[in-house]
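Going down the list, the sequences are from chains G and H. Position 354, counted from 1, in the first sequence is what the working numbering calls 354; the numbers after and before it change by one each time, with no gaps. Position 92, counted from 1, in the second sequence is what the working numbering calls 92; the numbers after and before it change by one each time, with no gaps.
To be clear, the hints were calculated from the coordinates, so they are not data collected in a lab. Keep in mind that a hint or two might mislead.
[Stated by the list, open to error] Cut-off 30 Å, straight-line C-alpha distance, at most; resulting in silico cross-link-like pairs (DSS-like, lysine-lysine):
1) Lys282(G) / Lys74(H)
2) Lys124(H) / Lys198(G)
3) Lys4(H) / Lys285(G)
4) Lys335(G) / Lys113(G)
5) Lys74(H) / Lys335(G)
6) Lys63(G) / Lys4(H)
7) Lys124(H) / Lys130(G)
8) Lys52(H) / Lys63(G)
9) Lys63(G) / Lys67(H)
10) Lys254(G) / Lys130(G)
11) Lys130(G) / Lys36(G)
12) Lys7(H) / Lys335(G)
13) Lys282(G) / Lys254(G)
14) Lys124(H) / Lys326(G)
These numbers come from a predicted model, not from an experiment.
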Amino acid sequence: MEALFQKSNSKRHRLISNKFLQSLNDRNFDLLDFDKLKENLQSAIELEHSTIPPYLCALYSIKEGTNEFAVKTIRSIVVEEMLHMVMAANILNAIGGSPAINTPDFIPEYPTKLPMIDETFMVDLGKFSKESIDIFLQIEKSADHKPHGGDDYHSIGEFYTAIRESLILIDKNTPGGIFTGKPELQVTSEQYYGSGGKLIPVYCLEDALEAIEEIMGQGEGIDNSIYDGDQEMFGEDKEYAHYFKFNEIYHERKYSPTDKSDDEPSGHPINIEWNEVYNMQKNPKMSDYPVGSELYQKTYEFNKTYMALLNNLHDACNGQPDMLLKGVALMYDLKYKALELMKTPYEDDGLMAGPSFEYVN
Amino acid sequence: MSKKTPKESFLTISVYLTGYSQVDLLGTGMLDTYYNTFVENLEIENVTTYFKEVDQILDNSGNSEEKINEGITKVLFGSALVSLTTNLITMWYTGNWGQDVISPESYTQGLIWNAAQAHPPGAKQPGYGSWADEPIEIPTI
Chain G
1 MEALFQKSNS KRHRLISNKF LQSLNDRNFD LLDFDKLKEN LQSAIELEHS TIPPYLCALY
61 SIKEGTNEFA VKTIRSIVVE EMLHMVMAAN ILNAIGGSPA INTPDFIPEY PTKLPMIDET
121 FMVDLGKFSK ESIDIFLQIE KSADHKPHGG DDYHSIGEFY TAIRESLILI DKNTPGGIFT
181 GKPELQVTSE QYYGSGGKLI PVYCLEDALE AIEEIMGQGE GIDNSIYDGD QEMFGEDKEY
241 AHYFKFNEIY HERKYSPTDK SDDEPSGHPI NIEWNEVYNM QKNPKMSDYP VGSELYQKTY
301 EFNKTYMALL NNLHDACNGQ PDMLLKGVAL MYDLKYKALE LMKTPYEDDG LMAGPSFEYV
361 N
Chain H
1 MSKKTPKESF LTISVYLTGY SQVDLLGTGM LDTYYNTFVE NLEIENVTTY FKEVDQILDN
61 SGNSEEKINE GITKVLFGSA LVSLTTNLIT MWYTGNWGQD VISPESYTQG LIWNAAQAHP
121 PGAKQPGYGS WADEPIEIPT I
């Protein structure tokens with residue numbers, strides 16, 4: 001088992017990708033189309049981002065002082081999703097593209113399907129609940145866990161596998177390689193202070209592959225191991241991949257060291273209090289409220305803050321990497337604004353308002 | 001005239017007394033706590049009197065802000081009720097009832113922090129290093 005944890009494990013590469021690559025060939029996927037590769041990396045940024053608002057809603061809805069395990073777990077996952085987003089932008093920058101993070105269609109309209117992923121489940125903005133964790137499990141599920149078929153990608157891992165192969169092939173077939181982007185565009189670990197995970201700057205193919213490994217490992221786990229690979233770093237505890245972290249919450253039980261990836265967690269029970277949450281209405285929209293009403297205004301202010309954060313990330317990924325650190329204050333502000341909404345009753349049916357994560361000017 | 005519960009009256013009059021909107025006040029999540037604190041710390045007759053006066057002000061105002069403020073100045077800041085009214089305002093702003101902090105949440109949810117564009121020391125932190133930057137201002141409308 002331990003050998004499989006390791007990064008740059010060629011056996012792992014083959015295990016994950018062989019079957020899928022075969023299917024790519026079967027459907028004439030053009031791995032050599034450079035423009036398509038850039039498009040896919042932009043989609044990867046959007047895909048990583050699309051998971052953040054739902055995870056944040058679940059996280060913020062948990063009442064202070066309760067569900068400690070779930071709070072810690074979901075927070076660490078959100079941080080890693082943001083890192084994934086920035087790393088996808090790093091790869092795009094490294095091959096001369098320009099990430100777009102603040103365009104009107106960047107934020108999906110919830111409930112939404114995952115960008116690029118051909119699955120039927122819809123992702124909501126909603127409170128922490130067994131139902132929402134079940135959806136999060138589907139988001140993070142690796143394709144090996146479910147039946148295949150159809151034309152599109154069936155998991156985030158499959159999508160990244162296509163990107164990875166495309167990077168390798170195009171780089172090899174381009175004289176001088178494709179990693180010609182300006183190095184100063186890279187967001188590095190200097191612009192990020194640790195809450196788990198790491199931020200990999202991309203200057204060459206090897207860096208890009210490492211970044212993709214990191215993204216895939218944290219999401220689905222590596223080779224169906226429940227660990228995410230980060231534990232090799234000095235001083236880090238063994239970290240489970242997102243799928244397995246959510247699975248522990250779902251089953252209210254920790255994994256025991258001998259559990260296999262297909263097992264339900266069989267370790268110590270975890271105290272999950274599903275009722276200790278703000279009863280946020282699902283998928284709130286500004287249009288739910290009369291224009292100019294107080295709730296409309298509050299939701300608008302939340303969205304303005306969210307846009308400020310996206311603008312900040314956009315700038316960070318387009319030549320001003322130092323902006324990332326400045327964004328931290330915005331992230332906190334966003335949380336407090338979301339909490340205000342979640343504490344405000346929406347009509348008289350016991351439901352609360354909530355953050356709507358909509359594009360505003 | 002109106003069929004308001006005392007808690008609703010409490011919220012409505014708090015909007016006028018604090019200068020914050022209803023959603024701002026609800027967004028602190030402290031309405032229940034503050035209402036209970038207010039009621040529990042007073043003699044029952046005083047509670048009844050206070051809400052009777054509040055309802056009268058609200059009901060007779062015809063929704064005119066000016067009239068409500070007039071009533072507040074005359075009655076709620078009148079010699080009989082002024083100490084209750086100042087306690088109520090102080091409670092929203094500082095999370096204290098008199099000298100006592102009502103709860104850990106009330107400390108962090110005090111309106112004073114918003115009013116000062118600051119954050120309660122030790123809570124609601126704005127992020128490492130943020131003190132080096134100007135306070136966030138996000139223009140809205």
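Status of the hints after comparison with the structure:
no.	hint	result
1	Lys282(G) / Lys74(H)	violated (45 Å)
2	Lys124(H) / Lys198(G)	holds (25 Å)
3	Lys4(H) / Lys285(G)	holds (29 Å)
4	Lys335(G) / Lys113(G)	holds (24 Å)
5	Lys74(H) / Lys335(G)	violated (40 Å)
6	Lys63(G) / Lys4(H)	holds (29 Å)
7	Lys124(H) / Lys130(G)	holds (28 Å)
8	Lys52(H) / Lys63(G)	violated (35 Å)
9	Lys63(G) / Lys67(H)	violated (39 Å)
10	Lys254(G) / Lys130(G)	holds (16 Å)
11	Lys130(G) / Lys36(G)	violated (38 Å)
12	Lys7(H) / Lys335(G)	holds (28 Å)
13	Lys282(G) / Lys254(G)	holds (29 Å)
14	Lys124(H) / Lys326(G)	holds (17 Å)
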